[in-house]
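Colleague: The chain contents come next:
Number of protein chains: 2
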Amino acid sequence: MANIAVLGYGTVGSGVYEVIKRNQAIVSRNAGEEVNIKRVLDLRDFPGDPVEEVLTHDFNDILNDEDISVVVEVMGGVEPAYTFVKGCLEAGKSVCTSNKALVAAKGPELIRIAREKDINFFFEASVGGGIPIIRALNLCLTADDIEEISGILNGTTNYMMTKMADEGWEFEEALKTAQDLGYAERNPEADIDGWDACRKIAILTSLYTGKNTDYEKVYTEGITKISAKDIKYAKELGLRIKLIAESQKTEEGLVAMVAPIMLKKSHPLYNVDDVLNAVYVRGNVLGPAMFFGSGAGKLPTASAVVSDVIAAVKNKSNVMVEWDDEDLELSSVGSVKRSFFVRVSGSEAEKLPGIRELFGEVSTVTAPGVTGEFGFVTGIMSEKEFNKGYDKLDGAITRIRVDNREEL
Amino acid sequence: MANIAVLGYGTVGSGVYEVIKRNQAIVSRNAGEEVNIKRVLDLRDFPGDPVEEVLTHDFNDILNDEDISVVVEVMGGVEPAYTFVKGCLEAGKSVCTSNKALVAAKGPELIRIAREKDINFFFEASVGGGIPIIRALNLCLTADDIEEISGILNGTTNYMMTKMADEGWEFEEALKTAQDLGYAERNPEADIDGWDACRKIAILTSLYTGKNTDYEKVYTEGITKISAKDIKYAKELGLRIKLIAESQKTEEGLVAMVAPIMLKKSHPLYNVDDVLNAVYVRGNVLGPAMFFGSGAGKLPTASAVVSDVIAAVKNKSNVMVEWDDEDLELSSVGSVKRSFFVRVSGSEAEKLPGIRELFGEVSTVTAPGVTGEFGFVTGIMSEKEFNKGYDKLDGAITRIRVDNREEL
Chain A
1 MANIAVLGYG TVGSGVYEVI KRNQAIVSRN AGEEVNIKRV LDLRDFPGDP
51 VEEVLTHDFN DILNDEDISV VVEVMGGVEP AYTFVKGCLE AGKSVCTSNK
101 ALVAAKGPEL IRIAREKDIN FFFEASVGGG IPIIRALNLC LTADDIEEIS
151 GILNGTTNYM MTKMADEGWE FEEALKTAQD LGYAERNPEA DIDGWDACRK
201 IAILTSLYTG KNTDYEKVYT EGITKISAKD IKYAKELGLR IKLIAESQKT
251 EEGLVAMVAP IMLKKSHPLY NVDDVLNAVY VRGNVLGPAM FFGSGAGKLP
301 TASAVVSDVI AAVKNKSNVM VEWDDEDLEL SSVGSVKRSF FVRVSGSEAE
351 KLPGIRELFG EVSTVTAPGV TGEFGFVTGI MSEKEFNKGY DKLDGAITRI
401 RVDNREEL
Chain B
409 MANIAVLGYG TVGSGVYEVI KRNQAIVSRN AGEEVNIKRV LDLRDFPGDP
459 VEEVLTHDFN DILNDEDISV VVEVMGGVEP AYTFVKGCLE AGKSVCTSNK
509 ALVAAKGPEL IRIAREKDIN FFFEASVGGG IPIIRALNLC LTADDIEEIS
559 GILNGTTNYM MTKMADEGWE FEEALKTAQD LGYAERNPEA DIDGWDACRK
609 IAILTSLYTG KNTDYEKVYT EGITKISAKD IKYAKELGLR IKLIAESQKT
659 EEGLVAMVAP IMLKKSHPLY NVDDVLNAVY VRGNVLGPAM FFGSGAGKLP
709 TASAVVSDVI AAVKNKSNVM VEWDDEDLEL SSVGSVKRSF FVRVSGSEAE
759 KLPGIRELFG EVSTVTAPGV TGEFGFVTGI MSEKEFNKGY DKLDGAITRI
809 RVDNREEL
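So the protein lines, in turn, are chains A and B. Residues 1 to 408 (the working numbering) are what the first sequence spells out, left to right. Residues 409 to 816 (the working numbering) are what the second sequence spells out, left to right.
Think of the hints as simulated: they come from the structure by calculation, not from any bench. Just so it is clear, CB atoms sit at the ideal spot from N, CA and C, and this is done for glycine as well. You may find that some hints are simply not true.
[Claimed, not checked] Distance windows between CB atoms, simulated:
{"id": "1", "chain 1": "B", "residue 1": "644", "chain 2": "A", "residue 2": "18", "range": "25 to 33 Å"}
{"id": "2", "chain 1": "B", "residue 1": "488", "chain 2": "A", "residue 2": "83", "range": "41 to 49 Å"}
{"id": "3", "chain 1": "B", "residue 1": "595", "chain 2": "A", "residue 2": "24", "range": "44 to 52 Å"}
{"id": "4", "chain 1": "B", "residue 1": "594", "chain 2": "A", "residue 2": "253", "range": "43 to 51 Å"}
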């Protein structure tokens, strides 16, 4: 029998408890022995909840219990999670976490301690919720030189972008509904400013390169500037705007970024709507692959955490994860080549000659009910090259990147 | 250094050779040591090909070479592959194969020998080519009670169905083009009669249930009866016909089957076109997930084989795979509930009252240019219930299953 402890009895923690109880036979069969929740740590009390039997308010009840071999950390935030997780690993207990803030900030150190102690630090649920993208990178796509990862990694903003596209809502309306439905926090900055997606793409980039990606160096643009007018233009162009977290090898080096991008219908991420997440991966021999599913939510996230618990129980020694302390050098987003959509005030007749001088041939577009301005889409050019023109453009309102590559 | 051998230098075998040479540094880093191809077995000679240096015509050169720890089998067919693979496993060499015929026929025995010898028998490339669906089931979705797996698992027939839908081609034209492009064999029965997809869904079903699924007991219907007229009706209904291999838990037990099914636009497999493969999985806590990518082709398949080689080099002892000798009991397809599309000769005015007596309320449809007949779609009912009515239906031309579930 393997005894485990759960740090935090919030949404994910209670989900982990529920999944282990509900799927007890399957979990134990796959782990090779019975999995028993011996302790749950939370500062709160839960009168009448069966968790009471194993509830503790004192972390030392877990740290000092030699029977507990695997600890689940689902508290969120860097502290006190970091202190607790480090303590558990140093005490020889494997740790499974869903905490992307912790993994993005302290991943390489915690992985190193686990390796030294010959135990495991797993974090499948930290990216993509129930989608097994971390094991896919660590254990499956190992024969490939990964050329690109692009993902819809934040369910809240994807819900908002879907509603703005399908219902014509403005940003504020979409945000309020997402908050009312419990998708977005009352302080929604981590989602709408792109920082959640940024931490996740940093984690994936670290894993496929084997070097540490500092998430603070990842170029990050949120969705706060996207308006109902932008969506109208996108519709006219047959495109959909999604908050994309991407990491790709360019001629000048590796670029990681988060930004709203217009996708064409044939793009694998075009149809990924509502709170769903998806990750598109391109390998040099595999070609394109996509992983798609519930990126958040109590039970899907708990499903991923429990699959980590099963792996931690099954693997009595360290399963090597390549993620060194050494920082990965990121290239500037200026080197990425694509098209750009631009909105500009004034009339085509008046502006187009100047636009052609700046960007070469462009295609123009107008949106129903939007007056006093028009839009255009450039050919494929580097972002650096585009910015040179955009800085000189008189009457520019906004610009959105466009992924219109032929080959995906 | 890990020495490996490759049995068969055909399409996949030469792909494995190419991937290991091309991605040497990545393959060796992920394996934890250098991976060296010491021997390649083929009856043919390849004058001028670098493989000549390691080519042998004698299997004993591999079997008796104690330096060779991992053997790749990519010959296809049950014999002599079975004899060779069994010999290698008994000699203590791990085996990685892309051979679905071998795995479907002899899987549990070969898995048992590998377990007894504390080595590994891996077969990621046997289903879904480059899509890592086997590791996903074995290592990732381990916390879930899997309720359903539905897949597009045969690239040739998916190419044909896509062309029939997009170009209006008849079956024969689609088949001939698939043959000209090298997708379909000159004897295409394994593809078009559904037997290839049948073996693959049997393998996936064995893995998620842990019991042996006899592929000969899987209800299998190919695409040979699908005509351009059927496609016209599907278009009118906003549906797409795909050859679906599925395995699901019904109230009466587990049903596995292969058949053309009409999918609605919101179905995750609706947009999977051309030679692509995809697998949709629904777990009781994970909810829906989908895996999508190149299901065939030299390099994607080789990518999956080489990821197995890396796992075999890395794991010096047996990685448990649950797939017992014990046969899984399959329930009749009669218990599956869904809608059915039916074409019937005659006019609506004349036939509809009788149809309603047999099937209850139905919705009717006509297709442009198709005269002397019409179509209708039933409500959701069990296949058994549907067949009772269909057997009595006067002037029935054909029927195709429809997946129009609300929740997926």
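Colleague: Given the range 41 to 49 Å, decide if the beta-carbon distance of residue 488 of chain B to residue 83 of chain A lies inside it.
Modeller: Since residue 488 of chain B and residue 83 of chain A have Cβ atoms about 60 Å apart, the given range 41 to 49 Å is violated.
Colleague: Return holds or violated for the Cβ distance of residue 595 of chain B and residue 24 of chain A against the range 44 to 52 Å.
Modeller: Cβ of residue 595 of chain B to Cβ of residue 24 of chain A: about 49 Å, so the range 44 to 52 Å holds.
Colleague: Just tell me: holds or violated, for the beta carbon distance of residue 644 of chain B and residue 18 of chain A against 25 to 33 Å?
Modeller: With Cβ atoms ~45 Å apart, the hint is violated.
Colleague: Lying within 43 to 51 Å: is that true of the beta-carbon distance residue 594 of chain B to residue 253 of chain A?
Modeller: holds (48 Å)
The structure is inconsistent with the numbered hints 1, 2, although it conforms to all the rest.
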